[in-house]
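Asks: Residue strings, one per chain:
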Amino acid sequence: MTTGLTVDDVSLSYDGRLLLDRVHLDVAPDEVVCLLGPSGSGKSSLLQIIAGLLTPDSGTARWDGADLVDLPPHRRGIGLVFQDALLFPHLDVAGNVGYGLRFGDLSPAVRRARVSDLLELVDLAGYHERTVATLSGGEAQRVALARALAPRPRLLLLDEPFGALDRELRDRLAVDVRALLHRLGTPAVHVTHDLVEAELVGDRVVRLSELLRGGLGPV
Amino acid sequence: MVTSDRQLTRLRGPLPAWVLGLVPSVFLAVFFGWPLLTILSRGIGGHGLELLGRSYVWRIVRFTFTQAVISTALTLALGLPGAFVLHRYAFRGRRLLLAMVTVPFVLPTVVVGLAFRALLPQAWVGTLGAIVLAHAFFNYAVVVRVVGGLWAHLDPGYEQVARTLGASPWQAFRSVTWPLLRPAVAAATALVFLFTFTSFGVVLVLGGPSTTTLEVEIYRRTAQLLDLSGAAVLAVLQLVCLALVLFVSARLQARAAVAQSLRPDANETLVRPVTFRQRLLVAATLAVITVLLAAPLAALVLASVRVRDGFGLAWWRALWSVDAGTTRASAPLDSLRVSLQYAVVTTVLSVVVGGLAACAIAYARRSGRLLDVAVTLPLGTSAVTIGFGMLLAFARPPFDLRGSWFLVPIAQSLVAIPLVLRSVLPVLRSIDPRLRAVASTLGAPPVRAWATVDLPHLARALGVGAGFACAVSLGEFGATAFLARSDAPTLPVQIVRLLSRPGETPYGAAMALATLLMVLTTVVVLAVARFDRGGAR
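Taken in sequence, the protein lines are chains H and F.
For the first sequence, position 157 (counting from the first letter as 1) is numbered 157 according to this note's numbering, and the numbering increases by one without interruption.
For the second sequence, position 230 (counting from the first letter as 1) is numbered 1230 according to this note's numbering, and the numbering increases by one without interruption.
Pulled out of the complex, with its shape left as it was, chain H reads as follows (with noise of 0.2 Å):
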């Protein structure tokens, strides 16, 4: 049965105070789901929990009914985009997009290739040589998601991808993802506290507050 990602419970204080308050969430096999909410209400810690870069006070995160919390981030098969592409700067757009495909056990032809068909499906054919401090934030954006898309994870987090891009770039760039994680089939959760955005991006859009104490909503 594939009943995709389960989020049941999770509590998560920062600094004494409660960020998140018994989250539940569930995200369909094929669905993208569009989170919204103000900034600093917890939805990229929710993020990084899901992707295992932050333990819950308390809580699960399940994919198909398995647990995911002894799972360390690596074993997880989730890709994480950053709201800055984070791209590292000691590799050229080919070495960022290739780097999730070190660690199976790929020959390096087909490694080639699959860098080859994502800079292909983000329209940034032959840009493998191009050093990271040479592309636009649009460009940047675009390989950090070709990066996560490339050792085909079973589902895709994106915290604000487009944060710090003009509107006009932000929509374009709504559109094509969308189009992309549907040809792909890969499920995405989407966060981001713009509404046009999430509308564009999401098949389903929820507010975090509506996630709370379980579903309940706020206090």
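Bear in mind the hints are in silico, worked out from the structure with no lab data behind them.
Every residue, glycine too, gets a C-beta built ideally from N, C-alpha and C.
Misleading hints may appear alongside valid ones.
To be verified - A partial selection of chain H residues facing chain F, derived with a Cβ cut-off under 10 Å:
hint: 1; residue: Y14
hint: 2; residue: V81
hint: 3; residue: H90
hint: 4; residue: A148
To be verified - Now the stretches of chain H that chain F is said to cover, found in silico as 3 or more residues with beta-carbon under 8 Å:
hint: 5; stretch: 47–57
hint: 6; stretch: 101–114
Add chain F to chain H, keeping to what the hints say.
Replies: Chain F alone, transformed into the frame defined by chain H:
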């Protein structure tokens, strides 16, 4: 810096740059360039060249490299985990520990040597092990500061991205963090290698006949064998080796360079150690700092009060006794007065020459680079070369200055001026030139405008530079050993002289005097640190 309007934003001096640069240039040419040329002509022309045919000279060259390589490797092995723990983990006492770690680096080399004499068993003296340990003690802070400084600002997001892409913690470190740290690691490695390669005081105090480096041999030939030609050949050999080292390290550092975005706030990247392994790492670092850094200093203090049957102040009392002295008419403690006098002259000289050099470099734009390199050069050669060169150059007509007291502060200034420059230049460059333009539109003539607008900004940097110059002067040994008058030794020279005398009173007095010098230097450096921090606020 502001770049909106070239005409206006260009930094201009109140006087033409060449006028400002005249004094530093002449100073360097006479007291560094001329001695260096004298060494070269003596070394290449003299009969000392036959030394190069002797196998023991090459044994010394080999040992100089070997001990530098091993010292650097040990310093990195201890310092890299230290850099990580002290800059990435939040725990109580972290700041205090960071400050403590820096203390050994500013201590005079002679004090470091004596601290390890006091700590290690007698059988260790003269061994490679003793030298390497003392070098690790001395340079631990270089690795922690240089590498840790970058590590603290490295965005943890890079490693997190790597983890979500399938890299284990170790793989993420290897493939992402390490390459990003490499520029800092390369810089720290180069610095530590340079310091250990030209290390003089430590090796003189802790080395033996089979553990001699080029620096020590140059000194031995000059002071004991009176073979100036031979010493000049070795000094040239040393310069060639150093040029080679600098060339290789510049190449390596250029290769390691990576353009990256850094976190401005280092505190953002601090995490609390929570897992057992993290706590273990923090504990291990604390242990290294305690054993490697605190133990030798504690042993030094202890050795100064340990007398035959328990503890007492006999060695401290001996500091006042003319009988315990190494000169006919003075007690060991008289060196304190000598050192303080030199420190005052060196400080004034360094601040004036270094300050002028900083202004000339800042206002001259491109041609200032040349002066910048020239001023920094004495740091890159070695103190022994400076002292030996001045001895050669000014010991015969037309400049027969033998026995002149002012050669010592001049030599010490050559070492201190680069430090003054480094503390003043960044501040000078950060002053908005438009401020002075405003002052001149309000009627201030150029020099007045400079003195009322720029100078107040510089006061603190000049103060910090003065503090460094003072600390350098108090502890300087390499150059001073060649130039100090035999009837007026400075503290480090006096300590080494006492140490070379037989008997337990001179040994104990050396320990007491080294303790005094340690306290004195630490006080000066802590005062500078306080002063400096006050400016950051």
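Asks: All hints, please: hold or fail.
Replies: Status of the hints after comparison with the structure:
1. Y14: 12 Å, violated
2. V81: 9 Å, holds
3. H90: 4 Å, holds
4. A148: At 7 Å from the nearest chain F Cβ, H/A148 passes the 10 Å test, so the hint holds.
5. 47–57: holds (count 4)
6. 101–114: With 3 residues closer than 8 Å to chain F, the stretch 101–114 of chain H meets the three-residue bar; holds.
Against the hints set out earlier in the document, a violation occurs for number 1 only.
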